[in-house]
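Residue numbers (numbering that gives the first Met the number 0), protein chains in the order written: chain A, 0 to 581; chain B, 0 to 581.
It is possible that part of the hints are untrue.
Each pair may be met inside one copy or between any two copies, as identical chains are not told apart.
[Claimed, not checked] When the alpha-carbon atoms are kept at most 30 Å apart in a straight line, the in silico DSS-like pairs for lysine-lysine are as follows:
1) Lys316 with Lys122
2) Lys428 with Lys564
3) Lys96 with Lys431
4) Lys316 with Lys11
5) Lys87 with Lys350
6) Lys431 with Lys11
7) Lys33 with Lys96
8) Lys33 with Lys431
Quick caveat, the hints were computed from the structure, so don't treat them as lab data.
Number of protein chains: 2
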Amino acid sequence: MRASQFHLFTLKEAPSDAEVVSQKLMLRAGMIRKVAAGIYSYMPMGLRAIRKVETIIREEMDRAGAMELTMPMVQPAELWNETGRWDKMGDELLRFKDRHERDFALQPTSEEVVTDIARQELKSYRQLPKNFYQIQTKFRDERRPRFGVMRGREFTMKDAYSFDRSEEAAGRSYDIMFAAYKRIFDRIGLEYRAVAADTGAIGGDRSHEFQVIADTGEDAIVYCPDSDYAANIELAEAVSLIARRAEPAKALEKTPTPGKATCEDVAELLKVPLATTVKSLVLATDDIDDKGKPAGVTVWLLLVRGDHALNEVKAGKLPGLKSGFRFATEAEILEHFGCKPGYLGPIGLKKPVKVIADRTVAHMADFICGANDADFHFTGVNWGRDLPEPDLVADIRNVIEGDPSPDGGGVLAIQRGIEVGHVFYLGTKYSKAMNATFLDEDGKPKHFEMGCYGIGVTRILGAAIEQNHDARGIIWPRAIAPFEVVICPVGWGKSQAVRDEAQKLYDALVATGVDAILDDRDERPGVMFADWELIGVPHRVTIGDRGLKEGVVEYQGRRDADAAKLAVGEVLGHVLDRLKQG
Amino acid sequence: MRASQFHLFTLKEAPSDAEVVSQKLMLRAGMIRKVAAGIYSYMPMGLRAIRKVETIIREEMDRAGAMELTMPMVQPAELWNETGRWDKMGDELLRFKDRHERDFALQPTSEEVVTDIARQELKSYRQLPKNFYQIQTKFRDERRPRFGVMRGREFTMKDAYSFDRSEEAAGRSYDIMFAAYKRIFDRIGLEYRAVAADTGAIGGDRSHEFQVIADTGEDAIVYCPDSDYAANIELAEAVSLIARRAEPAKALEKTPTPGKATCEDVAELLKVPLATTVKSLVLATDDIDDKGKPAGVTVWLLLVRGDHALNEVKAGKLPGLKSGFRFATEAEILEHFGCKPGYLGPIGLKKPVKVIADRTVAHMADFICGANDADFHFTGVNWGRDLPEPDLVADIRNVIEGDPSPDGGGVLAIQRGIEVGHVFYLGTKYSKAMNATFLDEDGKPKHFEMGCYGIGVTRILGAAIEQNHDARGIIWPRAIAPFEVVICPVGWGKSQAVRDEAQKLYDALVATGVDAILDDRDERPGVMFADWELIGVPHRVTIGDRGLKEGVVEYQGRRDADAAKLAVGEVLGHVLDRLKQG
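Isolated chain A (complex conformation) (with noise of 0.2 Å):
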């Protein structure tokens, strides 16, 4: 490809309203283009990197199997309306009326329709595992669409949709998918983890997010560097930081810290390790009795360390807390706790809380809590001495860096993450909700067991910029590059020994199948690298009138600090061996 004959448009700045940079770089760089919050056009720059990522995961998913197939973007409300997701979602869901008022939606996955497939197409055991994929457009409509591709209203996604004939044989198909996106990801060439992450209402183990590392991901995913122990934080099992209860060695003391409403100004003005104190959270659920009305409000009150975090996906897995809790009201607090929030605890309440104590907290001696009068904390606390032990004693809490992996492999370090994939076992929640059976080799209809697997193909664009970046631009991934070598002629218009040489390696290096782009637009050489840096093509070849009287011309690696000189006879050989590298 020739620079003249290509679409290139770059930006020296990007638009005021980007926020994130992968979409300053992908807008400033010509690869995407805004129509709308969340709409992007993807130019000819970006389509080229998404058709390479797009092949990757092709190759690998028919390699593991899977049947590619296309399911509509719009889609009937009968099929929602089977899963009862039509009522469940919210506003993500874009809903509306076709000419003739019947409902549709536009698709954010298709387990409806990909389940409507397979009770009318897979009716016995012989033709199982089937695996369906699609890569395709969907639609989710953001409250507030933001970061670019990351987190936009339309955007394109690989669902692929497994159906087994047993919950062993669905473990198999998600072993599969789980290699495969294995493959994928090391092709793709971003560094990544695959993080064990929550299964919700499905139970079990098999749900794993691949999360592309960079410091600016919205996730926060959890490893041990010495052991395979790798969760997201709200899965990641915090075990007690302390091994058993030491005996209570100070006073009861009723404390006075006024203005000191967090933890953080109690240990500073009392001058204690923040690590003695503990927090009170005050949760509320709304209890409804067996014919299903209102039966009055549970407060909770859930205590961890001063220092740690309440992990809200660990507390909705509780005895009590599984159907939906809530953050008390002001009013609820005061009528409890005869007291404002900030100086709460577990002595002295003035109506009955459900107390649950993180394993550390349960742990705890001589800690400090708020008394339940404002301007006052509790010191010299002791479970058992003081107050009764907790209701519930369970891991509540986000760990932190430093703690030690609950797989006894050594201590937990946290990165930040961009998630790009997901596998998850769902079991027969779609298949009964749609009644889809097939016939067992028993001759009876059973339920299909199920697994879905996404991939966002947009989104791992945004991610490997966020990765693979500086401040010239973007860093491409060899795999994923829109071209991997540019070469950049000094004095195209002028000098027939640039021409020839520049056309004579990009004739060679496409013959290798290299996918090359020649920069014959004539321009500085300042005007050109500034333009392939910012694109991020890994590899360029300069060649100029001046160099090539000595014989050599001029290699820059992306990522390289300086230019190398190389003969003209080695620069091929050079280049491909670079492209080997990544």
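The hints should help you fit chain B onto chain A, whose structure is shown.
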């Protein structure tokens, strides 16, 4: 690919709501599955054919220098308001509101978005010509979706848009696309014609439809077997069938024709050729004055020979009718003709009407027309003698088989066709509406000269089947067949020799780049043959124990009446030879 690893799904009967043969066969062959009216999933078998069509289109578009991008499916009203199409388009533009109550539509085409891209990214004449294309999901909310993928609501279209400096340059872009389209349809391997089509308000002669020939086609296409002339019926020029008007030979007579309200009935009653009669069609235009206020109604009488049909597209281009016409109401007819329809004519009007005669009618003498008196016709009617010359003589009829070709090259023939592609010169219609300009060499802003070029990707499948099928099923041209060759081993489960020979042939075919499938389902030959004939795989090799003992296997081309016995060692060469033929 082995059949056991693929998703095969065939039906003996098509669903009862399937209307046309391509729809029935695609459903029966498991290529598509209906999700809602006009909305289909493309199953693995169907998607394989679609991908082959897409690849051919992509290769030829790239070769023609067009740049692929992707524009969004969901487009904001703001852009569509700029061209007025938000209001002007009918309900086929599916409009809806997002969660923030902002107006959006699903793209039926993308003129607005691409023109917005051009006005922002194509700043200089140096960047021109440019041609952007996408292969992307489209949606048209058809009132009555039907014929499967031929007139669906959600479908895949390749749409391209060219931007040029001048009308002359736009002509070159048009010619390049025209040539690319010919290469595309040649490669796909369907019988087709490129026919001149109406340019509507744009004018000029740059509009061609690519029509796949099929008896079931919705369009009538006109061509001259002895010259290059080809046009669709709306456009095809009808010359006068009478060179010069003869002298009057008969007297004007008012002849009773009781109950004979059609030309056919009158000709039969009077025992004269239908070609001596003239048909009266009454149109009306609602006039407006300089201030845009209603200013009465003009009534028009259009006269075509009894054996001819009015062409409304041609009529709609005439002075006075250009801004839109309608058929006159019965009240308007009574007011102007004093008679009910069936006996109308140009003689003895109650109130003045504008008379437009078709070219042939203007040259007729001694003709027959209605007498504006119920149950009476005039015979022996002659222009000039019995009534004034018509206000306008024009081509207002459809051509019929046997008409002289307007290029003088012979006589016209008519075929039915299915429109699968359209190339169209747009001029500055969109660039002016959206003020999309570039700086020309003289430093002045100019509006882009545009063209648009569509191919119905999914519709091509339907058209291919309408053209190529028999009682047993589909007959794919090689280039877009889901599989090119099927190997049917008889006794797969029992015979090692059969398995070995089938696998050997499969491996050899795949090694030469043939897209083959090996039917390892261990089904009876009848079941295998019925499936693959329905699916339409163009070449089949059957391998069985009995044959192998004699050293022979069977080959059958999908169009062959019988299978041929071939020596085992010759079958590969034979299949490859046949593949070369398509």
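*Starting from the hint list further up, note which numbers the structure goes against and sort them upward.*
1, 2, 4, 5
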